[in-house]
Structures are given as structure tokens and as C-alpha cells.
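Visitor: Residues per chain are reported as follows:
Number of protein chains: 2
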Amino acid sequence: MKIQDLIQQIKLKKSFLCIGLDPDVDKMPPHLLKSNNFIFEFNKQIIDATHHLCVAYKPNLAFYEAHGLEGYKALKDTILYLNEKYPEHFTIADAKRGDIGNTSKMYAKAFFEELNFDSITIAPYMGKDSVEPFLTFKNKHCILLALTSNAGSKDFQFLNTEETKTKLFEEVIQTSQTWQNADRLMYVVGATQTEHIQAVRKIIPESFLLVPGVGAQGGSLEEVCKYGLNKNIGLLINSSRGILYASNELNFAEAAAEKALAIQTKMESFL
Amino acid sequence: MKIQDLIQQIKLKKSFLCIGLDPDVDKMPPHLLKSNNFIFEFNKQIIDATHHLCVAYKPNLAFYEAHGLEGYKALKDTILYLNEKYPEHFTIADAKRGDIGNTSKMYAKAFFEELNFDSITIAPYMGKDSVEPFLTFKNKHCILLALTSNAGSKDFQFLNTEETKTKLFEEVIQTSQTWQNADRLMYVVGATQTEHIQAVRKIIPESFLLVPGVGAQGGSLEEVCKYGLNKNIGLLINSSRGILYASNELNFAEAAAEKALAIQTKMESFL
Chain A
88 MKIQDLIQQI KLKKSFLCIG LDPDVDKMPP HLLKSNNFIF EFNKQIIDAT
138 HHLCVAYKPN LAFYEAHGLE GYKALKDTIL YLNEKYPEHF TIADAKRGDI
188 GNTSKMYAKA FFEELNFDSI TIAPYMGKDS VEPFLTFKNK HCILLALTSN
238 AGSKDFQFLN TEETKTKLFE EVIQTSQTWQ NADRLMYVVG ATQTEHIQAV
288 RKIIPESFLL VPGVGAQGGS LEEVCKYGLN KNIGLLINSS RGILYASNEL
338 NFAEAAAEKA LAIQTKMESF L
Chain B
88 MKIQDLIQQI KLKKSFLCIG LDPDVDKMPP HLLKSNNFIF EFNKQIIDAT
138 HHLCVAYKPN LAFYEAHGLE GYKALKDTIL YLNEKYPEHF TIADAKRGDI
188 GNTSKMYAKA FFEELNFDSI TIAPYMGKDS VEPFLTFKNK HCILLALTSN
238 AGSKDFQFLN TEETKTKLFE EVIQTSQTWQ NADRLMYVVG ATQTEHIQAV
288 RKIIPESFLL VPGVGAQGGS LEEVCKYGLN KNIGLLINSS RGILYASNEL
338 NFAEAAAEKA LAIQTKMESF L
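Just so you know, the sequences run in chain order A and B.
In this text, residue positions in the first sequence follow this note's numbering: the first is 88, and each later residue adds one.
In this text, residue positions in the second sequence follow this note's numbering: the first is 88, and each later residue adds one.
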């Protein structure tokens with residue numbers, strides 16, 4: 088998908104909501120578990136109920152891999168369903184991959200060709216040649232982890248570097264901007280780190296940020312918007328658990344749509 | 088697998104060779120491609136021909152994911168085959184995963200339960216709570232990326248930190264040693280980085296190092312052994328392409344065994 092098409096969708100729907108499709112058996116409506124392909128069934132009902140309120144869907148691979156072959160099938164069914172029925176939605180494989188060049192090329196093939204995702208999340212630790220193979224695909228995007236929403240982000244991402252007197256996450260953003268096809272890069276910046284979004288925006292005023300951590304993890308939508316919005320919106324704010332598991336009764340999809348609507352309404356007020 | 092069992096195998100076989108099972112269609116013997124389950128067939132013949140020369144097998148997930156459902160099936164068949172026929176071999180899922188705690192738990196389930204691997208490689212960028220869920224499994228191991236073998240390792244891993252006046256890769260090793268169940272940690276240190284193995288050994292004299300980069304990537308086995316061996320050997324040296332693709336004729340498995348034997352013989356001379 089072209090970035091312009093994503094921006095257009097955001098303006099049309101007055102929403103920059105991304106819904107994380109993280110199917111967790113322990114939290115799903117019990118009545119669904121009897122279905123043969125219950126993971127896909129859950130996703131399908133969530134997607135059908137929420138598609139008009141969001142612009143992106145983000146399956147996290149771990150929740151599929153935990154179910155082995157069945158999980159992989161459900162992931163494939165989900166991306167096929169999205170591509171066919173809602174092709175205007177931006178799709179994100181939240182896979183946090185990254186390996187030596189030869190191997191990253193294989194991962195790119197897996198997510199951009201075998202599964203037709205628009206984008207994939209990537210861990211930056213292995214540097215340039217682990218990321219560039221993902222950036223060779225036209226109209227595909229690579230979302231680099233910069234500042235994550237979890238407590239462990241404090242361990243390394245905030246270390247100050249002697250070379251440039253910046254923090255590691257700033258160094259990651261700065262350096263990655265020099266890589267080939269860097270215009271296909273977006274960045275993960277956690278909603279729990281709002282005090283640092285200004286610093287991020289100084290380095291990349293134009294890039295899209297994927298912002299997890301609103302909802303269950305405690306990040307503030309208002310704060311993220313205050314520091315993160317740019318002239319093209321430039322934000323995709325993700326919510327997973329807060330929407331998916333609003334109810335585990337028969338009406339779970341309606342309940343999810345209500346939660347999504349509440350977020351979309353707030354978003355509209357910030358545009 | 089218990090570390091003691093791995094060490095015993097190494098001493099018995101006089102080998103600390105790990106064979107990377109990275110099936111690449113472009114390099115595989117063409118006659119195999121007609122087979123229904125050709126990825127597994129390739130792996131099976133390689134394993135049968137080399138098992139007495141190595142102590143570990145390491146499938147890199149990218150090479151399976153690139154083939155979608157068929158690839159996943161081949162991976163599952165491979166780990167089942169290893170678990171059943173060669174249970175004395177240490178198995179490594181080279182997956183380079185890592186996510187927020189809730190999600191890392193799912194990945195651990197995927198690799199330690201759904202697929203019964205002994206260990207998994209993990210990227211450290213997201214810190215403590217992204218790694219600890221993998222460390223809660225008894226007799227399972229987590230192999231953290233410290234210093235990788237690729238050119239991109241120069242981008243971030245060598246940055247000097249103001250806080251501790253050490254390089255990022257040293258900081259990763261040092262900090263991770265304070266995490267819960269750190270005795271289940273091993274580390275990836277590339278064979279192309281031999282001048283830094285001494286620094287690594289100062290911090291973790293006892294830990295196992297998984298060393299990729301000998302062979303196709305140009306690392307020296309002799310140099311790695313000089314600085315990396317410890318009283319329990321403490322090394323798993325990986326070769327993938329150099330062994331797998333020694334020939335793409337009918338005799339590919341024999342040719343692979345010859346290459347593996349040459350490495351094992353060298354290893355024996357260093358023990």
C-alpha cells in the first residue's frame with residue numbers, strides 16, 4: 088500500500104486506529120472455541136464489526152505460532168480475508184524479525200510475498216544489512232522498533248552513547264534514516280513513553296509512528312496525539328486487548344466495536 | 088536438555104559442531120525438488136549423514152517461513168525427526184524472537200511446547216521482560232544475540248555507553264546476567280568477531296557461546312577456539328551453507344558429511 092492511500096483512509100474515517108489481532112484462547116469467548124477454525128472465526132467477527140472504525144490491523148505472530156500449524160492457517164486465512172474483503176486497510180505483521188542479509192531476504196519473502204502484508208515490524212539490533220532487504224519492496228513498509236512500551240525498554244534503549252551523545256533509541260532512528268529506501272521506514276514508539284515523542288519527532292518529523300501501549304498498558308491517547316501528530320497525521324495507534332476482550336459473551340464483536348468507536352471518537356476530536 | 092548432557096555429547100564425539108539447517112531452494116539438489124515434502128527430505132538426508140559428527144542442529148526459521156504452510160510442516164517434521172531419532176542432539180530454533188512479556192510467553196510456548204526445541208535465539212533490544220518468559224522453562228535455553236557476525240553489527244552493537252563505559256554488546260551480556268534464571272542463557276558471538284571474544288569471556292567465562300560465521304562468512308575456527316574455549320568447551324560453532332551445499336548432485340549428503348568431518352577433525356585437534 089502507498090503511504091498516500093493510508094493517509095487518505097485516515098482522513099476519510101477520521102481514525103488512525105490500528106487493531107491488534109492477538110487471539111488469546113484464555114480470553115476468547117468460550118462459545119467460539121468449539122468452532123473448527125476458531126482463531127480465524129474470532130478475527131473475522133472482530134474485523135467485520137470494527138473495519139469502519141480503524142485503518143489498520145496488526146496480527147502479532149506469537150499468538151498464531153503458539154498454535155502451530157492451526158495457528159499458521161488462521162493467520163493465512165486472516166490476511167487473505169483482509170486482502171480480499173477490506174483491501175483499503177493497512178496490514179502489519181507484528182513479527183519483530185531481523186537477521187543477516189541472506190536470511191532477512193527470506194523473511195521479507197515470507198511476509199511480503201507468501202503472506203501479502205503491507206508491513207512488518209523489525210528489531211534493529213543487527214543493523215543495516217538486517218533491515219535493508221525488507222526495504223527493497225515497493226509499496227511495502229518496515230516498522231523498526233525504536234522505543235518500546237514495555238518496562239524492559241529501560242534496559243538498553245535509553246543508554247547514552249558516547250559517540251553522538253544521544254540515547255540508543257535516538258541513534259537507531261538517526262542511523263536508520265541513512266539506509267537505502269529509508270522512506271519506507273516507520274517506527275514503533277510506545278504510548279507509555281510520551282515524554283520522549285518530542286525527541287523522536289525532532290529526528291523524524293514526517294515518518295509514521297506505530298504506537299502500542301494505549302489501553303491495557305496504560306498509555307494516554309491524548310498525550311501521544313499532543314506530541315506525535317504531524318501534518319499527515321503520522322500516527323497509527325494500536326489497541327489489542329482493550330478492544331478484543333471487551334466481552335467474552337456472544338456479543339463480543341459488538342462490544343469490541345463499542346470500544347473501537349470510543350477510541351475513534353476521541354481520535355476525531357484531535358484531528 | 089541439560090547442559091551437562093550437551094557437554095557429555097561434545098566430549099564423546101570430540102565435536103562442538105552445530106549444523107544450520109537452512110534449506111534454500113536455489114542451492115538444493117534439483118532432483119530433490121520433485122519430492123512432495125522436499126525440505127524435510129533434504130534435512131533428513133543431511134541429518135542422517137552428519138549426526139555422528141555434530142552435537143546440535145539449528146534450523147533458521149526464515150527458510151521455513153518463506154514457504155508458508157509447507158515450510159511450517161517441514162520444520163515440524165524436522166524437529167519431530169530429531170526428537171525421535173537423535174534425541175541426544177541439542178536443537179536450536181534460530182528465530183531471533185522477543186516481544187513484550189505477555190507475547191514472549193506465547194513465543195516460548197510455540198518453540199518449547201508446540202515445537203519441542205531445546206533452545207531459541209532471542210534479540211535483546213526490548214530488555215528483561217522480553218527475555219525472562221523464555222527462561223522460566225526448565226532444561227530449555229535462551230541464546231541471546233550479543234555480537235552478531237554480519238556487517239550491520241557495527242551499527243549499534245559497538246556503540247560505547249556513557250553509563251558503564253562499555254560497548255553495547257558487553258552491556259547486553261552484563262545486564263542479562265542479572266536476570267532471573269540467567270544460568271539458562273547462552274550468547275550468539277559471531278566468528279567474524281574473534282578479537283572481541285576475549286572481552287566476552289571476561290564477562291561470562293562459563294557460558295556457552297553459539298558461534299555463527301565460520302565458513303561462508305569467513306570466520307576462523309582456530310581463532311574462535313583460541314579465545315573462546317573454556318573448561319566445559321563452552322562453544323557451539325555453527326556452519327550452514329558450507330556444509331549443506333557442498334554438492335547439489337545425488338551425493339549431496341555424503342559431500343555434506345565430508346565437510347562436517349573436516350570441521351570435526353579440526354575441532355578434535357583443539358580439544
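Mixed in with the good hints, there may be bad ones.
Intra- or inter-copy, both count: the list cannot distinguish identical chains.
Quick list of in silico lysine-lysine cross-link-like pairs, BS3-like style, CA-CA up to 25 Å [said to hold, decoys possible]:
no. : residue 1 : residue 2
1   : LYS241    : LYS252
2   : LYS254    : LYS241
3   : LYS100    : LYS160
4   : LYS121    : LYS196
5   : LYS114    : LYS252
6   : LYS114    : LYS318
7   : LYS114    : LYS192
8   : LYS241    : LYS192
9   : LYS101    : LYS227
10  : LYS241    : LYS163
11  : LYS353    : LYS196
12  : LYS241    : LYS172
13  : LYS163    : LYS196
14  : LYS254    : LYS215
15  : LYS252    : LYS196
16  : LYS227    : LYS89
17  : LYS114    : LYS196
18  : LYS121    : LYS131
To be clear, the hints were calculated from the coordinates, so they are not data collected in a lab.
Visitor: Run through the hints listed earlier and report the numbers of any the structure violates, in increasing order.
Guide: 3, 5, 6, 10, 11, 12, 15
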